[in-house]
Amino acid sequence: MATPTLDKEDVKPEAGFADSPYITITLRVRRFNPEVSADATWEDFQLEIDPKERVLDALHKVKWDMDGTLTFRRSCAHGICGSDAMRINGKNRLACKTLIKDINPGKPITVEPIKGLTVLKDLVVDMDPFFQAYRDVMPFLVTKGNEPTRERLQSAEDRERFDDTTKCILCAACTSSCPVFWNDGQYFGPAAIVNAHRFIFDSRDEAGEQRLEILNDKDGVWRCRTTFNCTDACPRGIEVTKAIQEVKRALITRRF
Amino acid sequence: MKIHKYDTVIVGAGGAGMRAAIEATKRSRTAVLTKLYPTRSHTGAAQGGMAAALANVEEDNWEWHTFDTIKGGDYLVDQDAAEILAKEAIDAVLDLEKMGLPFNRTPDGTIDQRRFGGHTRNHGEAAVRRSCYAADRTGHMILQTLYQNCVKEGVEFFNEFYVLDQIIVEVDGVKKSAGVVAYELATGEIHIFQAKSVIYASGGTGKFFKVTSNAHTLTGDGQAACYRRGIPLEDMEFFQFHPTGIWRMGILLTEGARGEGGILRNKDGERFMEKYAPVMKDLASRDVVSRSIYTEIREGRGCGPEGDHVYLDLTHLPPEQLDAKLPDITEFARTYLGIEPYTDPIPIQPTAHYAMGGIPTNVEGEVLADNTTVVPGLYAAGEVACVSVHGANRLGTNSLLDINVFGKRAGIAAAEYAAKSDFVELPENAQELVVSQVERLRDATGTERVAELRKELQETMDANVMVFRTEQTIKTAVEKIAELRERYLNVSIQDKGKRFNTDLLEAIELGNLLDLAEVMAQSALARKESRGGHYREDFPNRDDVNFMRHTMAYREVGDDGTETIRLDYKPVVQTRYQPMERKY
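Those sequence lines, one after another, are chains A and B.
The opening residue of the first sequence carries number 2 in our numbering; numbering runs sequentially from there.
The opening residue of the second sequence carries number 3 in our numbering; numbering runs sequentially from there.
To be clear, the hints were calculated from the coordinates, so they are not data collected in a lab.
Warning: the hint list may mix true and false statements.
To spell it out: a stretch of chain B is covered by chain A in this simulated footprint if at least three of its residues, at any positions, have a beta carbon under 8 Å from a beta carbon of chain A; those stretches are [unchecked claim]:
| # | region |
| --- | --- |
| 1 | 42-53 |
| 2 | 105-117 |
| 3 | 256-264 |
| 4 | 399-409 |
| 5 | 440-450 |
Since the model is a prediction, treat every value here as computed from it, not as a measurement.
Every residue gets a Cβ at the ideal spot worked out from N, C-alpha and C, and that includes glycine.
Isolated chain B (complex conformation) (with noise of 0.2 Å):
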């Protein structure tokens, strides 16, 4: 074992932590811990555009972007948090610009911008042009960019370096971060970093479900880590959908193509968001187009000899438009489905693709341990964490924009508290947690597989909770977790070795999903309302009497062992915004 010692130490290298780490690296002493090359970061799989009211093609203003953003939470998010996001987006694009990130440029030079899902001129008016983008490929920019100026600034990694445990110490009754557990994928070894400041940017936890626009290895690790040890999770219930995933599959295809003037048709060829959403139409939020994908489905407008999706159409756009706008996402059509899109529709289905829940944190990135209490030395940012900027629903470009914004707040706190602060002394045997995990599950006999397990997760969470959900559903889905959470203690696996151990660490993610999945199950089955990405068929309606507040489920530990999940509930923080009836 080793031990390490770092002022900072970033857990993850998307777009949040390599932000996080640009400004991290400047102001201390900072080490990454990545579980994959910075570069495969899922950020780069992002899309359409981020964010900011530059208002460089038609006029657009910070305050319309706050709005639109709160709408389209479904007035679940935080008001002072959602200023600050449409704030300070403009400045975020302007650094990725110095930085070298090659937008699309109008025909002045500026920055080109686009429609979007959700983003209006004055307050829901029409569509207004607010994505920045870089042709169907900004995630990828984004994230290249950020690791090049990680390069530039001498950032220092350690990839392939799985984060296991999150070691927190009580210190004169407050609770602190002492650092973290890693687990070194190429030997096998386990690294003790202890640091002053701790900065979760590890990512969502889309794997539970089975058709998700997430890479394999989007399983929860962050969230997790600080729920075992006590750190609460804030809104787990609402997850997004996205209308336009490949059917089957889940590829994402960008909310982009339809604010390039993309069109959803059902079975008979009729654009039926003309019916759910009269001014928005196809760039409905996306919590309203999925739905409206799912009802047309279900009434039997299906399309395909199981009536199970929709299309995506995008033949009536000039090839020129495709080849300069989506280049990505046409070639995606051709690659898995063997379909022409300048030609043929292409076929769609919602997918799995965006926690807006996580680990609470106040504007500055500081992790809560309830409701108020901050964690000194314990920070997340980007889609591990819950500020909460989306709410009940995200709006689509605000996530890249989430990550640079917040990313860089909690880089800077991160490293200014480290400054001023000492080392927390770490407990002894912290290491203990991990070792025991690692060790049990190398010398398990055990009969059930991962691969089973995981597959019946992801069947049970996309069969009962996904775009629509009821009270039955969710309980068949909390009894099938808990079964499987049972089962999980019989796992084995058949690699014993330590070098390179994916078959390991494919066990331990299966163990972090089932976790959050629980704690999913359980918050969705609490809230007997509908808001946003939480849609319940026997709740239909948003009820702001009782439920105009974010879920905090806290797991607790009996005197014999057992796990519960204890639910609590945090005040939304509204500025100037009063809740009305979602429109599109």
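Extracted from the complex, chain A is given alone in its bound form (with noise of 0.2 Å):
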């Protein structure tokens, strides 16, 4: 099985919060500019860090100390806006969410944007097509019928059967993982999946048909290979490849 990802680093993260000496490390980072040249090149920084903080860390001082011309998207910094999904050693991670230590900075760390979107500068790429994609699976409770004048009332265990992929932030990390959508940029991909998924098993949502309609495109579920490269890049730890096969059943079995 071809697998565009490093095998999973097994590196235990330390206990305790005890202070650590500074390290060196090379940070390695695919830089593009064309506004100075058509072609991207590898760029190595070499910092000073703690081993505890973050990868987005290690960007910020590049950026902040030494080349302010580094350009890469973040916001929240602790996983949870979805801006910084990157290439960091051959696999999609977030960089806020990526600790030094846990990625062995004995050798270069290498960080590149993700694949499979175009790249504007650095490690910033178009978004648009990615939430194209999300906006074409109806992402939205769909209802017929009066609105009851309180809530629409749900068991707990229906509330929970969609629990895991309501947690998606929008990182594209899943999408820029998959094989497929590196060779067809048509097809929905995962997070769109996800989200569809989100409201197909939504007990209070009728518009699941509709939905399912969607994904029987011929760039809809049916593309999935199931790779799993998704499941492991999902810095939410949603697991995406379950969500896709749970979306191609219900479309076979139409029960849902």
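Put the two chains together into one complex; each comes in its own frame, and the hints tell you how they fit.
Structure, rendered in structure tokens:
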């Protein structure tokens, strides 16, 4: 099975929070700025960092102290906003959720933009196709009939049914780890399917059939080759491949 | 340069902005300008819940909620606004549920509720279950649900557009909003958005502190843009320090952790909140808990080799409860500290969290040019605004509520105003200020670096205007900020390009932070009392005779171009609640 991601690096986080000395690391960053050159290049930065800091902290050290032209997106810095998905040592992750000590700082740490979306500058990619695929799956609750005066009732079990897929932060780590998506940008991709799943399996929703038809398209769920890259890449721990399989099964059985 | 024309322009796409957009889009041609993609907004980081007296799990009513909000704000809350907040809370939660928000449920299938700091039964008798929640990711669910509904309604977004200037024009002696000037991140192009109504919903300004729960992007851009154009800023000295930030990092660990039974302990393992708040204990209001933590630390009962933090202890709670109710914050402890919350307590310290102050508005979201005069066409909602429903200290779960109640109100009011109004003619060279600002920074050759100045600003703010303040510490901050403002004139950037120039924008953001830090420090210096989040060790008591009033800070420019801050005051609206001593 072709997989673009490295095997899970099995580094156990150290217990406790005692001070540790700074170490020197090499950050090897993929640079691209069409205002300067049509070619992308690798650039190495050496810096001192506490290994308990994040890759995002390392990028900030470069931007703030060494090279202000280094460009990347970030906001919350703790894995909630989904701005800083990138390929770190060949694997899609959030820079703000990846600690230096967990990715073998003894060797150069490579940082590249996520794949399958056009690179605009350094680590910044064009997110519009990604969000278009999301919008195309009707990612909103559809109900018919009169609205109740109070809340709609939903049992705790029915609520639990789609809990996993509500966690999505639309960071694109999954979609941009998918080999099918790399080869065919028309494919909806895992994130859009996850967000369709979130509504298809919501007991309050009444547009499941429509969403299934959208995903029955030639660029829909059937393109998935079950490589599990998406599940490995998800920084929220969503079982993405399982969600896609559930949508496939719902298409066959028409039960959801 | 491009010129766009919309009825309504909304600045910011967090909870307040998108809640406003859903209403405004139905009623007027609306554009939302956001410096991030909408789902990146910091509403998504809110965890614990949204208050509403649904009474789904125990007796409750909105009058109790109103009282708690006013008491929580140490009586600086405008009571008419608090009543609207608490009353409309119920529909605000039901609206979100109908939009699809996946709340946690009770066994009956209704929305589940849990305890939160300062929310009580019958005016302080005991903690009440008022917070409607979705695990510990309620803000994430609100942000996603509102974005989903914006997609459904076809809201038009301009992503990665930074609003850098507010256009205000005087027509027949009345200051009116004519639109905004924005900078497009992708291209460096300047855009003018002419609009009948403008709503600011651009969030807070927490990045002038070092230890903060706020995102890197929370730099007070909306407050600064309005302030520079003569709009006052209200109650800026009131900033909330959330008791439980991850030690040194500031990442938020929800108060819901204590709502679920978590306990704060000092190095002796003592549940110290019993001393400071005998009834509510760990669920006293945030200002009280944060001060108690620092009192423990100062008196030598802090944890760790440097005694500079305390513990949030969840180890007595069943792992299933942590997994079901607090999955995200327990994961933060594992990811960032390497700690297992099932078995080990989590080191925490107070973290700069929320600006109670901001752009003054009335309850319709209309921005005020002074104590009473509305600026036609200009609105604000959410953390950028000061209604004031939070007074001197916001209760937990009232901010997710605020953005929904006042976001909706501002969206409706702005669109209705646009429907009956004409465009205000743009001044000549409306883009001039932004163009000169951008060009000056791009061409600058000075020796000062943005990151260094920002670091010094954050350090002085943490050291001098945090949980405990004195005249001396505030004056130290004032002097340091003045020095940094001077040095800021000599700042240069390395990225001279037009494409995705975040180097340039960080420089502009620093300018905003410096302006707002100065307002905050000056406002704090003048308030010689202690109230809510503003605690003066040299004036430890609340002084209702002299300071039961809102601060209004105005930027004044002298004939020689020197800038000063003029402080004025605005009365607090009191309806049915007389100020009492605040005890928890």
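Verification of the hints:
1. 42-53: Since 5 is at least three, the answer is holds.
2. 105-117: With 9 residues close enough to chain A, the hint holds.
3. 256-264: With 0 residues closer than 8 Å to chain A, the region 256-264 of chain B misses the three-residue bar; violated.
4. 399-409: violated (count 0)
5. 440-450: violated (count 0)
In terms of the numbered hints stated before, the structure departs from hints 3, 4 and 5, listed from lowest to highest.
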